[in-house]
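Enquirer: Residues in the sequence shown are numbered from 1 upward in steps of one, following my numbering.
Since the hints were made in silico from the structure, they are not lab data.
For every residue, glycine included, the Cβ atom is placed at its ideal position computed from N, Cα and C.
Some hints could be false.
As a list, the in silico EDC-like pairs of lysine to aspartate or glutamate whose alpha-carbon atoms are at most 16 angstroms apart [claimed, not checked]:
#1 Lys159 <-> Glu143
#2 Lys149 <-> Glu47
#3 Lys159 <-> Glu114
Ranges of calculated distance between the beta carbons of each label pair, as one might list FRET restraints [said to hold, decoys possible]:
#4 Arg115 <-> Gln73: 21 to 27 angstroms
#5 Ile187 <-> Glu114: 28 to 34 angstroms
#6 Ser138 <-> Ala33: 19 to 25 angstroms
#7 Arg40 <-> Glu165: 28 to 34 angstroms
#8 Asn97 <-> Arg58: 32 to 38 angstroms
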Amino acid sequence: MFQTPFFRRDLPALEGENVRLRMPVSQDYAEWAALREESRAFLEPWEPQWALDELSRRAFRQRLRRYHDEYDQGTGISFFLFERAGGRLAGGISLSNIRRGVAQSAHVGYWMGERFAGRGMMLEALNLVIPFTFGTLSLHRLEAACIPKNTRSIRLLEKAGFQREGLLRSYLRINGTWQDHYLYALIAGEHRGKSRRG
């Protein structure tokens, strides 16, 4: 479990000036499926190959079970990203592969609906997740990997203070093809972001 215990009635939520992050619930299905469907061409080049039933209610239920299992086991936390003003679902950001012991690290991943891209929302979300990672979870290192031609993701990570550490050859199978990835990392103490935890 996490060093700071959570309970189902007190799932973490992070509040920023323009965005709100909270763990997904079953009532999010329709909005999630609609946003993912309309953004499919925008997202597919950067994600694992979509299953035939990727946007089905059954697949969403399985996704939620995995999110909650990871949370209960202390190995991951997945947030949906919402606009604070209108309350619309805009994307998602997650901490995965949380490791304790000598590593004290996690991996961050994210996605954004196409109509919300380019508005600074994911940078704000990342600047909420970073102090949560180093503060609440007391981790030491946060990693991210991105395909070298994903210039949006590279700019995002570098704006948030991540440093490129190297190239991971044939690292992940993305959209059906094994792809090289840049490895980025941020170490505790290197980031001075501010957040309010709800």
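Enquirer: Hint by hint, note whether the structure agrees.
Expert: Quick rundown of the hints versus the structure:
Taking the CA atoms of lysine 159 and glutamate 143, the gap is about 15 angstroms. The hint holds against a cut of 16 angstroms. At most 16 angstroms may separate the alpha-carbon atoms for a hinted pair to count; lysine 149 and glutamate 47 meet this at roughly 13 angstroms. Proposed proximity of lysine 159 and glutamate 114 is contradicted: the alpha carbons are some 20 angstroms apart, above 16 angstroms. Checking the proposed 21 to 27 angstroms range against arginine 115 and glutamine 73 shows it is violated: the Cβ atoms sit about 34 angstroms from each other.
Judged by the Cβ atoms, the range 28 to 34 angstroms given for isoleucine 187 and glutamate 114 holds: they are separated by roughly 32 angstroms. At about 35 angstroms, the CB distance of serine 138 to alanine 33 disagrees with the hint of 19 to 25 angstroms. Checking the proposed 28 to 34 angstroms range against arginine 40 and glutamate 165 shows it holds: the Cβ atoms sit about 31 angstroms from each other. Asparagine 97 and arginine 58 have their C-beta atoms about 26 angstroms apart, which leaves the hinted 32 to 38 angstroms range violated.
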